[in-house]
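**Student:** Sequence:
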Amino acid sequence: MSDRVRIGVLGAAAIAPAALVKPALKSSAAEVVAVAARDPERARAFADKNLVPKVFDDYQALIDDPDVDAVYNPLPNGLHGKWTLKALAAGKHVLCEKPFAANSEEAERVADAAEASGLVVMEAFHYRYHPLARRMVEVLPELGALRHVEARMCFPLPRFSNIRYDWDLAGGALMDAGCYAVNAVRMLGGEPEVRSARVRLRNRKVDRAVKADLVFPEGHVGFVHASLWSGAVLKLSARVIGEKGELRVVNPFMPQFGHRMAVRLDGHTRNERFGWKPSYRYQLDAFTDAVLHGKPFPTTARDAVANMKVVDAIYRAAGLPVRVPTV
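Taking full-length UniProt numbering, the leading residue of the sequence shown gets 1, the next gets one more, and so forth.
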């Protein structure tokens, strides 16, 4: 491999320019060299707009290209596991969009394959690589013994034909927005058990909103709230209450669009901010550092398994079926 990671994109997804293409243009260690889509015209339009030199009309052809070192997988949820496994089999590193797989069982298979391959497989929770997220973790000891941890990821998506509501593509509010909230609660509070959950439905099997109550082995409790369409139009936040104080964060998930972090201790509040550099750029830097230099990173395949176990448990507690991979 050269001193740059050559990345191919599976699918001309709307997220790809912001999540990968634009950050790569500012990176000295990454370049986007190919895109594949089942619709050739869509692939060509994506390539032309984003200055991507190679176009494939078949995902496998891109994966097999010897000029591709790594694959970015922003396909629908139900296809994440399948195509990450195929990329690993071809010897490619993978940056996989969240949620990592359709369910925890599939995530286990991918994590096993990742560990056996020795390749880098990163779940794309980009916010985890922003200085804000790192600082949130750093201040936890100031709060003392934890009592309550919560995270909310709610935004409006009223287009019900969107793939995020499609059962066959492993859709649902918990899968799309809720996986962020679950990840944040785990980052701040540890590994929880699900005590109860309730949902609002788009149809018989697909949720448009979810709330879940959690409990942690150490005794503190947690709460997750996610929505694609409910009365909670826009809520992006995290909160931790400890015996000595409280941490509140507005917009921990996309901090480049504005955020606020407040730590309250002994009746006094201090506010901290962390600049406007996109979280996606921090993520790409971490990915290339892992590929080129073997540097560790937090959103590993094994961590993704733990996240999906909580997602599955919330669905079961709510009386909904666990998502399944797309055939």
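Keep in mind the hints are simulated off the structure, nothing from the lab. Since the model is a prediction, treat every value here as computed from it, not as a measurement. Just so it is clear, CB atoms sit at the ideal spot from N, CA and C, and this is done for glycine as well. Incorrect hints may appear among the rest.
Unchecked claim - DSSO-like cross-link-like pairs, simulated, lysine-lysine; straight-line CA separation at most 27 Å:
hint, residue 1, residue 2
1, Lys26, Lys277
2, Lys82, Lys54
3, Lys22, Lys295
4, Lys295, Lys235
5, Lys49, Lys309
6, Lys309, Lys22
7, Lys235, Lys86
Said to hold, decoys possible - For each label pair, taking beta carbons as the anchor points, the in silico distance ranges come out as:
hint, residue 1, residue 2, range
8, Gly190, Arg135, 16 to 26 Å
9, Pro158, Val322, 17 to 27 Å
10, Leu265, Asp48, 14 to 24 Å
**Student:** If a hint holds in the structure, say so; if it does not, say that too.
**Tutor:** We went through each hint and held it up to the structure:
1. Lys26 - Lys277: Given that 27 Å is the threshold and the Cα spacing comes to 11 Å, the pair holds.
2. Lys82 - Lys54: 23 Å, holds
3. Lys22 - Lys295: 23 Å, holds
4. Lys295 - Lys235: Not satisfied, since the Cα-Cα distance of roughly 34 Å exceeds 27 Å.
5. Lys49 - Lys309: 38 Å, violated
6. Lys309 - Lys22: 32 Å, violated
7. Lys235 - Lys86: 36 Å, violated
8. Gly190 - Arg135: 16 to 26 Å: 18 Å, holds
9. Pro158 - Val322: 17 to 27 Å: For Val322 against Pro158, whose Cβ atoms are near 26 Å apart, the range 17 to 27 Å holds.
10. Leu265 - Asp48: 14 to 24 Å: 53 Å, violated
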